[in-house]
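Take the sequences, apply the hints, and build the full model.
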Amino acid sequence: MGESEKMQRRRTLKSSEQTLQVHHKSQTDLSAWRKGGRTDLEKSAQDHQSCNDQENESNPDSLEQALSYFEKVQDNVSLKKNSVLQKHLAAVESIAQQRGLPPEGFDVLLNVALSGKFADTVNTRLLKSLIPASVIPESSVVSSVSWLCASKCSGNTQLLFVRWLITMFDFIDHKEQIHALYGFFFFFLQDEKMCPYVCHVLYLLTRKENVKPFRIRRLLDLQAKMGMQPHLQALLSLYKTFCPELVTINLSRKTKTYFKNAEGPWKAALNTVRRRNQGNTPVSQLLFLGTAQPQSRKRKWNTQLVIPACSTNKNNLEEDNAQKSVDLYSRNESFPVEQLQTFSQLLQYIHHLEFPSQMGSVLTNPLLLHYMNCVKDESIYLRLYYWMGQTLQEECTWCVAENSRYEEEFKDFLETAYKTECFLQEGFSSCEEFLYRSLPLWDGSCCQSQILRLVSWIPLSSFSEMKSQLYDPLAQLFFTSSLFFKCSVLESLKELLQNWLRWHVVHLDSESDSEVCSLNTTLSEQVNMVAELIHFVGWISTAALRLENDRSFLLYFILDFYETVCDMYLGYNLPLLIMPPAGVFYPALLSMDSVSLNQLCYIMYRYRANLVAAKENERSKKKILQFKFSSQTYKEYNQYITAMVGCLWTSSAFQNDIHPQGLRMDDELLKKTAVKDFKTSFNIVNHPAMMGYAALFLQQAWPEDTTFNFSLIKGRKWNWYLEYLYTQGLKGLKVFIESSINRVSQASHNKAGDVQG
Numbered sequence: 000m001g002e003s004e005k006m007q008r009r010r011t012l013k014s015s016e017q018t019l020q021v022h023h024k025s026q027t028d029l030s031a032w033r034k035g036g037r038t039d040l041e042k043s044a045q046d047h048q049s050c051n052d053q054e055n056e057s058n059p060d061s062l063e064q065a066l067s068y069f070e071k072v073q074d075n076v077s078l079k080k081n082s083v084l085q086k087h088l089a090a091v092e093s094i095a096q097q098r099g100l101p102p103e104g105f106d107v108l109l110n111v112a113l114s115g116k117f118a119d120t121v122n123t124r125l126l127k128s129l130i131p132a133s134v135i136p137e138s139s140v141v142s143s144v145s146w147l148c149a150s151k152c153s154g155n156t157q158l159l160f161v162r163w164l165i166t167m168f169d170f171i172d173h174k175e176q177i178h179a180l181y182g183f184f185f186f187f188l189q190d191e192k193m194c195p196y197v198c199h200v201l202y203l204l205t206r207k208e209n210v211k212p213f214r215i216r217r218l219l220d221l222q223a224k225m226g227m228q229p230h231l232q233a234l235l236s237l238y239k240t241f242c243p244e245l246v247t248i249n250l251s252r253k254t255k256t257y258f259k260n261a262e263g264p265w266k267a268a269l270n271t272v273r274r275r276n277q278g279n280t281p282v283s284q285l286l287f288l289g290t291a292q293p294q295s296r297k298r299k300w301n302t303q304l305v306i307p308a309c310s311t312n313k314n315n316l317e318e319d320n321a322q323k324s325v326d327l328y329s330r331n332e333s334f335p336v337e338q339l340q341t342f343s344q345l346l347q348y349i350h351h352l353e354f355p356s357q358m359g360s361v362l363t364n365p366l367l368l369h370y371m372n373c374v375k376d377e378s379i380y381l382r383l384y385y386w387m388g389q390t391l392q393e394e395c396t397w398c399v400a401e402n403s404r405y406e407e408e409f410k411d412f413l414e415t416a417y418k419t420e421c422f423l424q425e426g427f428s429s430c431e432e433f434l435y436r437s438l439p440l441w442d443g444s445c446c447q448s449q450i451l452r453l454v455s456w457i458p459l460s461s462f463s464e465m466k467s468q469l470y471d472p473l474a475q476l477f478f479t480s481s482l483f484f485k486c487s488v489l490e491s492l493k494e495l496l497q498n499w500l501r502w503h504v505v506h507l508d509s510e511s512d513s514e515v516c517s518l519n520t521t522l523s524e525q526v527n528m529v530a531e532l533i534h535f536v537g538w539i540s541t542a543a544l545r546l547e548n549d550r551s552f553l554l555y556f557i558l559d560f561y562e563t564v565c566d567m568y569l570g571y572n573l574p575l576l577i578m579p580p581a582g583v584f585y586p587a588l589l590s591m592d593s594v595s596l597n598q599l600c601y602i603m604y605r606y607r608a609n610l611v612a613a614k615e616n617e618r619s620k621k622k623i624l625q626f627k628f629s630s631q632t633y634k635e636y637n638q639y640i641t642a643m644v645g646c647l648w649t650s651s652a653f654q655n656d657i658h659p660q661g662l663r664m665d666d667e668l669l670k671k672t673a674v675k676d677f678k679t680s681f682n683i684v685n686h687p688a689m690m691g692y693a694a695l696f697l698q699q700a701w702p703e704d705t706t707f708n709f710s711l712i713k714g715r716k717w718n719w720y721l722e723y724l725y726t727q728g729l730k731g732l733k734v735f736i737e738s739s740i741n742r743v744s745q746a747s748h749n750k751a752g753d754v755q756g
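Residue numbering for the sequence shown follows numbering that gives the first Met the number 0, starting at 0 and increasing by one per position.
Quick caveat, the hints were computed from the structure, so don't treat them as lab data. Note that the structure is predicted; figures quoted are calculated from it, not measured. Keep in mind that a hint or two might mislead.
Okay, derived cross-link-like pairs now, DSS-like style, lysine-lysine, Cα gap no bigger than 30 Å in a straight line [stated by the list, open to error]: (1) K730 - K713; (2) K174 - K375; (3) K614 - K634; (4) K224 - K239; (5) K86 - K174; (6) K410 - K493; (7) K211 - K174.
Okay, structure coming up:
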């Protein structure tokens, strides 16, 4: 290294140390806090910190001196009785834990740790101290990887380095040269001890061009040797995503955690450095990755809930970096996301955009979300899912189960995830996995709105164990919670159904049948998934109406769900129609609320339109109808329509309703009710939901008559009464009567609206 380079590095180190210098406090690692213990890094640092902190703070050149020492050190240096080595090693550890290391330090420390100049004890302490203050230069990582070929360091040191690389992957300023080492990392899969972590590195690096037949064969050989290991399954699943024609084996669709936790001793230190570097100056906030906003002071752990800032991490410590012009990127060079400000810029530089190192930053950047929609790069989605999965698994689940004090921060994070799903119009598998883990532990109160919103975006293509993982825990909460919670669950499930149906329409229009099959779901499976959801909602709705005494507020949300169900065939081109259960239909038909009755009339009108269209398509043998509707569906519709016509028009519901759970009663039993003229006492005038309108109509038609004689509404006045009802906003009632009731003769009334199956 030349003298000018050393002076330049010294000035950079002094500047960064003076900027980042903060007061020292004891910090708590989340994992140690949970277990009541301390991490190895804390123990190691505390052994040396007390005697060296004051010296290190007062001497701004301590890190420079330590780096200079390690750069010039000779082979076979022993830690024992070597006060100089002990001093410089303690300085590196102390500064790394307090404020992180600048980019210039990684090249020296990685080389010396992997070159075998020291014993494993020193190498381990050096690797555990590699905590970045800002970024890690790619060249330092590439240089250190080359030492793995020289067999200078032990297997334990190599393993610790790979774990460090996984943890710090998002802090590396570039990735292209590291991607070029893909084959080198793949070679290390033969090491059984390193294999899980090497698979993790490969998972982060894999692009479509990396998927080769010989690599697939190698993974299959390893799987045959080691068994169905989750890390091998993860890599094979990723390969199959990129090249399904090459990976022809069936892989487990069960949601699982694929990789071991590689964060080891660095997690607590990273969080500590992030908190310290969010100190008093705006400069210090910019120097550390991921500080999109100031961290809440009340939280003493769990800083991962902060969504990282967009950055490609291009040497942002250099003073001239801010002066780089956008014009520099008008050629074939990459365009950094820091300079992406407008949609026109996105269109102009879309093929030169360098995606951020920290994938979480896209959650709050609409331009990058547009980019994800435009450029169908599976690796981008996989990186985002992986980041979200790690964040939710490692940092967020405790919020639901234990610590309601931090509910607001947790709410904000889940709300951001939900908004991102809405923007992209697709659910995240990582959010689905989080829900499946959390729902059995959820109290139904903490973050209620956010969690139910996430439920509405569970992907259709990941249905395998939805009954046990979603329906069962949700039903337990549903039956034991308040009326408001029941309505919220029904609203969420309605949105889930709509999202599934929209997904079906989009993929039906844009993809061939083979492409749909590649998504692990066929049309037959989609129909079964949707049918099971509808049956589940019908079951909980029937039970809820009994529990809540047929409350109109609850009935509104149930019927709102069936407004989507009744129109699936014509509205979403899905060959499926399911009638509401009797436990929903009859409470709505006999409701004393005109809103519910009007909703039911509209729903039955749409059922008729869909069933008629299905029958016509079946007769004309159109290809659009791939599944025949069961004759039971037509039969149940006709039973319901007979009951409705009897209740609203012919006053014959008690005689003609033939549904097993219907209203039919023997005349002898009806006579015992002591209701006068019971055969004509239940129609559109006398229905409990309509009597208020009938009274108002009589008051306007015969203002001098105060007896409210409903029998006056007949003949021509019956037609006037219908027109009056239509003007009151009962549009559902109007379309039902006009489409399903033949007003020619009494005989036709009894058969009106029938659709023959």
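Here's how the hints hold up against the structure:
1. This hinted pair checks out: K730 and K713 have alpha carbons roughly 22 Å apart, not beyond 30 Å.
2. The hinted pair formed by K174 and K375 meets the criterion: a straight-line CA distance of about 20 Å does not exceed 30 Å.
3. Our distance criterion of 30 Å between C-alpha atoms is met by K614 and K634, whose separation comes to about 13 Å.
4. Straight-line distance between C-alpha atoms of K224 and K239 comes to about 20 Å, which keeps the hinted pair within the 30 Å bound.
5. Proximity of K86 to K174 is assessed by CA-CA distance (about 34 Å); at most 30 Å being required, the pair is judged violated.
6. Note on K410 and K493: the hinted pairing holds, with a Cα-Cα distance of about 22 Å set against a maximum of 30 Å.
7. A hinted pair counts as satisfied when its Cα atoms are at most 30 Å apart, and K211 with K174 qualifies at roughly 20 Å.
Figure legend: structure checked against the earlier numbered hints; the only hint not met is number 5.
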